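Model the placement of chain B on the given structure of chain A, informed by the hints.
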Amino acid sequence: MSNTIKEREPLFSAKNIKLLKNPINLDNPISVQVLGICSALAVTVQLKPAIVMALSVTIVTAFSNLIISSVRNTIPSRIRIIVQLVVVATLVIIVDQVLKAYMYDVSKKLSVFVGLIITNCILMGRLEAFAMAQKPWPSFLDGIGNGLGYGVILITVGFLRELFGSGKLYGYSVIPEAAFKAGYVNNGMMILPPMALILIGVIIWLQRSKNRELIDKS
Amino acid sequence: MHSNKYILVYSTIMVVLVAVSLTFVAVGLKPMQDDNIRIEKMQNILSSVRIIVPPKEAIATYQKYITEVMVINKDGKKVDGVDGFTVDMAVELKKPAGEQNLPVFIATLDDGKKYSIVPVRGKGLWGPIWGYVSFTDDFNTIYGVTYDHKGETPGLGAEINTDWFENPFQGKQVFDEQGGFTSVRVEKGGAKPGDIHAVDAISGGTITSKGLEEMLKNCLANYEVYLKNKGTI
Numbered sequence: 001m002s003n004t005i006k007e008r009e010p011l012f013s014a015k016n017i018k019l020l021k022n023p024i025n026l027d028n029p030i031s032v033q034v035l036g037i038c039s040a041l042a043v044t045v046q047l048k049p050a051i052v053m054a055l056s057v058t059i060v061t062a063f064s065n066l067i068i069s070s071v072r073n074t075i076p077s078r079i080r081i082i083v084q085l086v087v088v089a090t091l092v093i094i095v096d097q098v099l100k101a102y103m104y105d106v107s108k109k110l111s112v113f114v115g116l117i118i119t120n121c122i123l124m125g126r127l128e129a130f131a132m133a134q135k136p137w138p139s140f141l142d143g144i145g146n147g148l149g150y151g152v153i154l155i156t157v158g159f160l161r162e163l164f165g166s167g168k169l170y171g172y173s174v175i176p177e178a179a180f181k182a183g184y185v186n187n188g189m190m191i192l193p194p195m196a197l198i199l200i201g202v203i204i205w206l207q208r209s210k211n212r213e214l215i216d217k218s
Numbered sequence: 001m002h003s004n005k006y007i008l009v010y011s012t013i014m015v016v017l018v019a020v021s022l023t024f025v026a027v028g029l030k031p032m033q034d035d036n037i038r039i040e041k042m043q044n045i046l047s048s049v050r051i052i053v054p055p056k057e058a059i060a061t062y063q064k065y066i067t068e069v070m071v072i073n074k075d076g077k078k079v080d081g082v083d084g085f086t087v088d089m090a091v092e093l094k095k096p097a098g099e100q101n102l103p104v105f106i107a108t109l110d111d112g113k114k115y116s117i118v119p120v121r122g123k124g125l126w127g128p129i130w131g132y133v134s135f136t137d138d139f140n141t142i143y144g145v146t147y148d149h150k151g152e153t154p155g156l157g158a159e160i161n162t163d164w165f166e167n168p169f170q171g172k173q174v175f176d177e178q179g180g181f182t183s184v185r186v187e188k189g190g191a192k193p194g195d196i197h198a199v200d201a202i203s204g205g206t207i208t209s210k211g212l213e214e215m216l217k218n219c220l221a222n223y224e225v226y227l228k229n230k231g232t233i
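Protein chains in written order, with our numbering: chain A, 1 to 218; chain B, 1 to 233.
Keep in mind that the hints were calculated from the coordinates and are not lab data.
Be a bit skeptical, because a hint or two may be false.
Here are the computed lysine-lysine pairs in the DSSO-like style, where the Cα-Cα straight-line distance is at most 27 Å [unchecked claim]:
no., chain 1, residue 1, chain 2, residue 2
1, B, Lys30, A, Lys48
2, B, Lys123, A, Lys109
3, B, Lys123, A, Lys108
4, A, Lys108, A, Lys168
5, A, Lys100, B, Lys41
6, B, Lys74, B, Lys228
7, B, Lys150, A, Lys168
8, B, Lys41, A, Lys108
9, A, Lys100, B, Lys30
10, B, Lys150, B, Lys30
11, A, Lys109, B, Lys41
12, A, Lys100, B, Lys123
13, A, Lys108, B, Lys150
14, B, Lys56, A, Lys48
Note that the structure is a prediction, hence the values are computed from the model and not measured.
This is chain A alone, in the form it adopts within the complex (with noise of 0.2 Å):
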């Protein structure tokens, strides 16, 4: 009787929703896992390549976690982390030669971080921890959600340093003229990748003072 309900489980129940709203708050992988960092810090300076650099985070997690859950009894276990590399590998470079194609400014500005989705410490994390015990649509769910986990971040890093750092937002000049005739200047400290460091350090700061749960006990 278990089983019957078990399988009919909704597209979207409880779990499932569960499973796409942690990443992005609870259980972040850049603010809680602190994983991918390194990206982060590289790809934020601009709001736009920070969003094309997010959606391409969530395509490829999702559908590597996707394609390896589907075919997780198939994977010998003694060459698993290959088979993995490559179903990331591939897809990688896919969205990298689709953003070469169809969006060339963005992919010159992303440069070589596309290609190290690739080594990027989510992707695997996901893929050992989650996809190979787990059924294709959570784990799918449970990439989107990773995903936009990185995205939020990167979004929210993107746009305080573009708009500090540049008196922009994706590329429109959002500051007035008047603002900076009355003195103000841009921050070109918001440029450079430390600041993205600090940032992403204010952003876990205020996250742990809100939730509680997430303070280390030692």
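Just chain B, lined up with the frame of chain A:
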């Protein structure tokens, strides 16, 4: 536990599947990627004559302003049968001096004057740097430049593609009063005010600055005869 045979067959099938799908994607998207590279080249050529256009307008604007593309050799003689737009400077610069195909792009701007645009290419600190230099109709004064790089250090060498570095090249001259070829120097510590043969180097980007100076000297020297003949071929 899977057998070795299973693992071998499994990985073979996986590799074949992946290879086929990647080939489809790569071949299918290739025309669009090539277009993007061509459009970027057009944008770069136009930006050396101070025309900045978004990618969508690049082809139309290029056809409007770039009225002639030719290929010459080091002696300033025209080389026939080569498309100047597709000449790859990275390949040409490896050839012996006399055999290089040197493209010249002639831009006729709204003021009715003709400007000669020549490509330059050299080495920065980490990799290649390249660009385009345009001359006014006295074939001596630089009208504008545009540079780009593969992977110079952000904030230091990578500054060569920013306006503050490129704009001071405007109005500089590559021949001295006696008509000797001087190129444009990139001076560490700053060019003297009023020096028409030098610009400021980049602090912290010395090797890129030096590489850029070398690039201008080597590549513009190839066009010395062309420039001295005032563009007559």
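ask   = Would the pair B/Lys123 and A/Lys108 pass a check requiring their Cα atoms to be no farther apart than 27 Å?
value = 20 Å, holds
ask   = Holds or violated: A/Lys109 with B/Lys41, Cα cutoff 27 Å?
value = Since the Cα atoms of A/Lys109 and B/Lys41 sit roughly 17 Å apart, the hinted pair holds (cutoff 27 Å).
inquiry  = Does B/Lys41 sit within 27 Å of A/Lys100, going by the straight-line distance between their CA atoms?
reply    = 15 Å, holds
message = Check the hint pairing A/Lys100 with B/Lys123 against an upper bound of 27 Å on the C-alpha distance.
response = 25 Å, holds
ask   = Is the straight-line distance between the alpha-carbon of A/Lys108 and that of A/Lys168 27 Å or less?
value = 20 Å, holds
inquiry  = For a C-alpha distance cap of 27 Å, please report whether A/Lys100 and B/Lys30 respect it.
reply    = Since the Cα atoms of A/Lys100 and B/Lys30 sit roughly 9 Å apart, the hinted pair holds (cutoff 27 Å).
query = Does the alpha-carbon distance linking B/Lys150 and A/Lys168 stay inside the 27 Å limit?
reply = 26 Å, holds
query = B/Lys41 and A/Lys108: Cα distance at most 27 Å?
reply = 14 Å, holds
key: Hint consistency between B/Lys56 and A/Lys48 [alpha-carbon to alpha-carbon, up to 27 Å]   = 18 Å, holds
query = Hey, A/Lys108 versus B/Lys150, does the alpha-carbon distance stay inside 27 Å?
reply = With a Cα-Cα distance of about 10 Å, the restraint between A/Lys108 and B/Lys150 holds, given a limit of 27 Å.
ask   = Within 27 Å, alpha carbon to alpha carbon, are B/Lys123 and A/Lys109?
value = The given pair, whose Cα atoms are some 21 Å apart, holds under the 27 Å limit.
27 Å Cα cutoff - pair B/Lys150, B/Lys30 = OK: B/Lys150 and B/Lys30 at ~21 Å, within 27 Å.
In terms of the numbered hints stated before, the structure departs from none.
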